[in-house]
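**Q** Residue-level listing of the chains:
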Amino acid sequence: MQVYQRSNLFHILLKATGIVILGSFVGIIYNSLSPQGITLKGSWSRKVTQDSLVVPYSYQKDDPPAVSLDYAMMKFQSAGTIFVDARYPEDYKSGHIKGAINFPYEEFEEYSSQVLPKLSLDKEIITYCDGSECETSLLLARELRDKGYKNIKIFFGGWSEWQKSGLPVEVRS
Amino acid sequence: MKILKFLITIVTDKRVVLIFRLILGVTFLYASLDKIAHPEQFAKIVYNYKILPAFLINIFAVTLPWVEFLAGLFLILGIFCESASLLISFLLVIFLIAISTNVLRGVNLNCGCFSTNPAGKKEGISLLFRDFIFLFMGLMIFFFNKGFSTLSSLYQRKSSRQ
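Protein sequences, first through last, are from chains A and B.
The opening residue of the first sequence carries number 1 in my numbering; numbering runs sequentially from there.
The opening residue of the second sequence carries number 1001 in my numbering; numbering runs sequentially from there.
Only true hints are included.
Not everything, but these chain A residues come out facing chain B in the computed CB check (under 8 Å):
(1) Gln2
(2) Ile12
(3) Lys15
(4) Ala16
(5) Ile19
(6) Gly23
(7) Ser24
(8) Gly27
(9) Ile28
(10) Gly37
(11) Ile38
(12) Thr39
(13) Lys41
(14) Gly42
Below, computed lysine-lysine pairings styled on DSS-like, alpha-carbon distance capped at 25 Å:
(15) Lys15/A x Lys1014/B
(16) Lys41/A x Lys1050/B
(17) Lys15/A x Lys1158/B
(18) Lys1146/B x Lys15/A
(19) Lys164/A x Lys1050/B
Calculated Cβ distances over 12 Å to all of chain B for the following chain A residues:
(20) Gln77
(21) Asn102
(22) Ser113
(23) Gly148
Hints are computed from structural coordinates only; laboratory data are not their basis.
Using N, Cα and C, we set each Cβ at its ideal position, and we do this for glycine too.
This is chain A alone, in the form it adopts within the complex (with noise of 0.2 Å):
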């Protein structure tokens, strides 16, 4: 085993800090030239509507509407709402929205054609994932919206918010 003496140590740490510094210089630099390069300041800070709803920080103003946890509840007890989570099957099995269809955003293509047909056009469909902290809600609706269904909602509190209150719950099917 190699020992090292403190000023050769020193040394050392030296080095990898100068490897560090090499690196951020290439990549600030890389970034700026790169046609792909980003803002060194990106906003990555949460967003909130108006009506102080948390949603992510990609969400925007043309982006179907965002609701609340209480509208999510009224539509569930009135039926006629179909609710579409968007997370991996595997997430989906252990604990769901009871009735929600799963519709894992990642295998949209896979799924759609058994999903797509359970959806009409017109209904109003409700899409959620884990929490406010999760995308797929947004992703599958932006995507549905395309596809010409007009009644799409992302319910941002989702699976966390909905489990937290107590509201019925399904594990698999």
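Since the structure of chain A is already known, use the hints to place chain B on it.
**A** Okay, now just chain B, sitting in the frame of chain A:
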């Protein structure tokens, strides 16, 4: 006991350590490429880890892949091997902390280790296991490489001969 001794002799053998060096170097080099090509997606992954403050996310996403690239390259070539292996071990410890906090939080995250593609999701526990193996290799290189077949040692030998 004998088996343990035998294993220790193997993993501290300079030729085995050389293999570790190449594996870890290639891994880091390869892992950096997709992130360098897709900074925006990588920044999103960094954001999803929910560890860094908002103003650091993009800077980190732009610089980290290049640090990985250089450290991997140096490890393969054998330039500043001790520093590169120490740096890589340090990064791996940071990744371990980042992944385990998210595993504890119960977040099903996209690792962003090798690919920025959202479909590259893996179980947190297997990620941690993989990380530990890499960390072990990193530390083995730091302590047992002893300048075996590195460009640095080649250069030193040449200059001492003159």
